[in-house]
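What follows is the residue order along each chain.
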Amino acid sequence: MSANNNAIIQFNHVTMQYDSDDAILKDVSFEIEHGKFYTLLGPSGCGKTTILRLIAGFLTPSAGDIYLKGKRINDVPANKRQVNTVFQDYALFPHLNVFENVAFGLRIKKLKQAEIDKKVTEALRFVNLSGYEKREISEMSGGQRQRVAIARAIVNEPDVLLLDEPLSALDLKLRTEMQSELRELQRRLGITFIFVTHDQEEALAMSDEIFVLNKGTIQQSGTPTDIYDEPINRFVADFIGESNIIEATIVRDYLVKFAGQAFECVDGGFNENEPVEVVIRPEDLELTTPDKGKLKIKVDSQLFRGVHYEIVGIDEAGNRWMVHSTRKAAVGEEIGLIFDPEAIHIMRFNETEEEFDKRIEEFTEVSGDED
Amino acid sequence: MRTRSRNFYLAPYLLWIVLFVAAPILLILYYSFQDVEGGWTLSNYSHFFTSVYMKMTLSSFWYALLITFFSLIIAYPTAYLLTKTKHKQLWLLLIIVPSWVNLLLKAYAFIGLFGTYGLTNELLEAVGIGRQQILFTDFSFVFVSVYIFIPFMLLPIYNSLEELNPSLIHAARDLGASAWTTIRRVIIPLTIDGVKSGCQAVFIPALSLFMITRLIAGNRVITLGTAIEQHFLVTQDWGMGATIAVFLVIVMAIIMILTGRKRRGAR
Numbered sequence: 001m002s003a004n005n006n007a008i009i010q011f012n013h014v015t016m017q018y019d020s021d022d023a024i025l026k027d028v029s030f031e032i033e034h035g036k037f038y039t040l041l042g043p044s045g046c047g048k049t050t051i052l053r054l055i056a057g058f059l060t061p062s063a064g065d066i067y068l069k070g071k072r073i074n075d076v077p078a079n080k081r082q083v084n085t086v087f088q089d090y091a092l093f094p095h096l097n098v099f100e101n102v103a104f105g106l107r108i109k110k111l112k113q114a115e116i117d118k119k120v121t122e123a124l125r126f127v128n129l130s131g132y133e134k135r136e137i138s139e140m141s142g143g144q145r146q147r148v149a150i151a152r153a154i155v156n157e158p159d160v161l162l163l164d165e166p167l168s169a170l171d172l173k174l175r176t177e178m179q180s181e182l183r184e185l186q187r188r189l190g191i192t193f194i195f196v197t198h199d200q201e202e203a204l205a206m207s208d209e210i211f212v213l214n215k216g217t218i219q220q221s222g223t224p225t226d227i228y229d230e231p232i233n234r235f236v237a238d239f240i241g242e243s244n245i246i247e248a249t250i251v252r253d254y255l256v257k258f259a260g261q262a263f264e265c266v267d268g269g270f271n272e273n274e275p276v277e278v279v280i281r282p283e284d285l286e287l288t289t290p291d292k293g294k295l296k297i298k299v300d301s302q303l304f305r306g307v308h309y310e311i312v313g314i315d316e317a318g319n320r321w322m323v324h325s326t327r328k329a330a331v332g333e334e335i336g337l338i339f340d341p342e343a344i345h346i347m348r349f350n351e352t353e354e355e356f357d358k359r360i361e362e363f364t365e366v367s368g369d370e371d
Numbered sequence: 001m002r003t004r005s006r007n008f009y010l011a012p013y014l015l016w017i018v019l020f021v022a023a024p025i026l027l028i029l030y031y032s033f034q035d036v037e038g039g040w041t042l043s044n045y046s047h048f049f050t051s052v053y054m055k056m057t058l059s060s061f062w063y064a065l066l067i068t069f070f071s072l073i074i075a076y077p078t079a080y081l082l083t084k085t086k087h088k089q090l091w092l093l094l095i096i097v098p099s100w101v102n103l104l105l106k107a108y109a110f111i112g113l114f115g116t117y118g119l120t121n122e123l124l125e126a127v128g129i130g131r132q133q134i135l136f137t138d139f140s141f142v143f144v145s146v147y148i149f150i151p152f153m154l155l156p157i158y159n160s161l162e163e164l165n166p167s168l169i170h171a172a173r174d175l176g177a178s179a180w181t182t183i184r185r186v187i188i189p190l191t192i193d194g195v196k197s198g199c200q201a202v203f204i205p206a207l208s209l210f211m212i213t214r215l216i217a218g219n220r221v222i223t224l225g226t227a228i229e230q231h232f233l234v235t236q237d238w239g240m241g242a243t244i245a246v247f248l249v250i251v252m253a254i255i256m257i258l259t260g261r262k263r264r265g266a267r
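Chains as they are written, first to last, in the UniProt record's numbering: chain H, 1 to 371; chain W, 1 to 267.
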């Protein structure tokens with residue numbers, strides 16, 4: 001495979017390995033397009049930060065090629081790449097004030113003072129920090145430092161902005177605020193953002209595209225709704241939101257058997273009697289009386305979560321079900337569950353992303369279902 | 001009650017300060033106003049500001065500057081490399097170990113190495129350059145002094161480099177700075193406190209060296225340190241010796257104030 005000129009960043013079979021240790025990235029390939037908000041999502045140690053560092057140029061891949069705007073950049077040092085990073089700890093220079101921090105990149109490019117003044121002022125206005133030019137970094141709050149770090153990066157007009165878990169040090173309220181601000185900022189700038197996080201809610205809220213990573217490989221990539229509604233495997237289903245993952249057997253296409261009963265579903269392309277896993281999101285389950293339910297569960301525990309009750313019950317076959325409901329139940333009570341055929345998502349064991357995408361596309365068309 | 005017990009704990013330290021810091025300084029000050037017969041005089045000071053002593057002062061400063069300069073340009077890159085190595089604690093220990101050996105022993109070791117029939121000359125002869133006068137030269141004096149002072153320069157610089165947040169270096173590179181620009185605009189400004197205390201720890205003692213000037217430089221190099229020793233032990237002109245000492249104490253105090261640490265977080 002050669003460089004794809006439409007992609008702004010392209011990874012071709014990139015592997016990252018230190019000495020004899022296990023590889024941090026294993027044969028990773030992907031493409032990133034211009035002007036979108038991407039999120040690399042995964043637990044710590046999954047390789048997401050490594051990908052960011054490879055793009056920034058702080059690491060060199062052990063194998064494979066990285067392309068930036070169609071040019072191979074494996075051997076291009078960090079300071080010669082048109083990408084900028086917002087670091088997790090912001091990495092602001094403590095010996096320089098806000099203005100000089102933002103002006104750092106411009107001074108290296110040896111721009112004229114008037115031009116530097118103009119660009120820094122504009123960048124600071126962009127992040128709502130006008131008037132803070134003369135402040136020392138030590139006088140700025142966490143949220144303000146975050147903005148300085150963003151201004152320092154975007155003032156250089158990079159092709160790609162890399163963000164390494166920049167919100168993790170902020171408290172919940174500020175974090176939510178910054179999420180929508182970052183999203184808004186990306187739209188206004190129109191450049192590619194690559195955002196690294198381990199917080200699935202953050203990823204779902206902000207991204208155009210999410211790459212879910214685990215153990216050095218990309219498990220699944222797609223839009224937030226794709227990944228949420230159609231996870232490829234147990235890891236993704238579990239990592240993205242709460243889910244009920246139940247072992248099941250395929251009777252035939254569009255009919256799956258679990259908890260001792262066969263249920264209609266909208267997925268196809270399987271073998272008969274193939275063992276699979278079924279995912280049903282807790283919010284897709286509805287409470288009813290035991291006689292009306294497709295399934296009967298006995299309530300084991302209940303938690304009040306504010307917007308809903310989180311009810312956990314056990315069915316007759318011994319499967320554990322989590323339900324999100326605005327209705328209250330009582331521990332020990334028998335209740336019925338109903339759900340639509342569309343709520344059932346079926347995952348095969350060891351299916352690659354390519355096979356998965358192909359099957360989903362093919363069989364969603366046949367069933368005529370767009371959901 | 002609380003302050004009383006605190007004063008009680010302070011007592012040994014205060015006693016120490018009074019006996020071994022304040023009292024000697026006062027004594028030196030007292031002697032500096034005494035002539036050889038024990039009468040009060042200002043002649044020591046007027047004598048000090050004559051060309052003989054001014055020349056001596058100048059050469060003291062010059063050598064101390066040379067020693068500090070060479071220690072710095074050797075210690076800074078070494079400290080930087082040290083923070084990058086795998087077994088930094090071990091390497092650091094190896095560099096510090098020589099400073100545990102007595103100064104006099106090290107000086108004698110160098111006499112052996114640099115002497116006319118020493119190892120260095122054997123080597124020079126073997127490669128065909130022939131024997132040279134190494135001992136009792138400016139070169140050997142500065143060389144040995146630098147060797148002795150390097151750990152004192154290295155440690156504070158190493159500590160300040162260790163405190164430096166490595167993502168600042170990444171940030172500088174990310175913003176387009178070359179390796180050299182990163183050193184100049186980020187690493188050096190953020191470790192300048194370590195450089196200052198290192199220079200302080202070398203320059204001040206180097207100003208009053210006398211043992212090495214005698215043993216290695218063979219009294220060819222006359223510094224204020226050697227002059228003080230001569231006046232107290234040889235000419236018995238305690239007044240003059242004390243005057244030079246007072247001058248050195250004042251200079252050191254000024255240096256300490258000028259290079260005083262202004263704490264600035266490196267995080």
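Incorrect hints may have been included.
As the list claims (entries may be wrong) - To be clear about the criterion: a stretch of chain H counts as covered by chain W if any three or more of its residues have a C-beta under 8 Å from a C-beta of chain W, and this derived list gives those stretches:
#: 1; region: 69-79
#: 2; region: 87-95
#: 3; region: 100-112
What the hints assert, rightly or not - With a cut-off of at most 20 Å between alpha-carbon atoms, the simulated SDA-like pairs for lysine to any residue come out as follows:
#: 4; chain 1: W; residue 1: K84; chain 2: H; residue 2: F58
#: 5; chain 1: W; residue 1: K86; chain 2: H; residue 2: L59
#: 6; chain 1: H; residue 1: K112; chain 2: W; residue 2: K84
#: 7; chain 1: H; residue 1: K110; chain 2: W; residue 2: R185
#: 8; chain 1: H; residue 1: K109; chain 2: W; residue 2: I183
#: 9; chain 1: H; residue 1: K80; chain 2: W; residue 2: T57
#: 10; chain 1: W; residue 1: K86; chain 2: H; residue 2: K110
Read the hints as simulated data drawn from the structure, not as lab findings.
Glycine residues also receive a C-beta, built at the ideal position from the N, C-alpha and C atoms.
(message) I'd like to know which numbered hints this structure contradicts. Please list them from smallest to largest.
(response) 6, 9, 10
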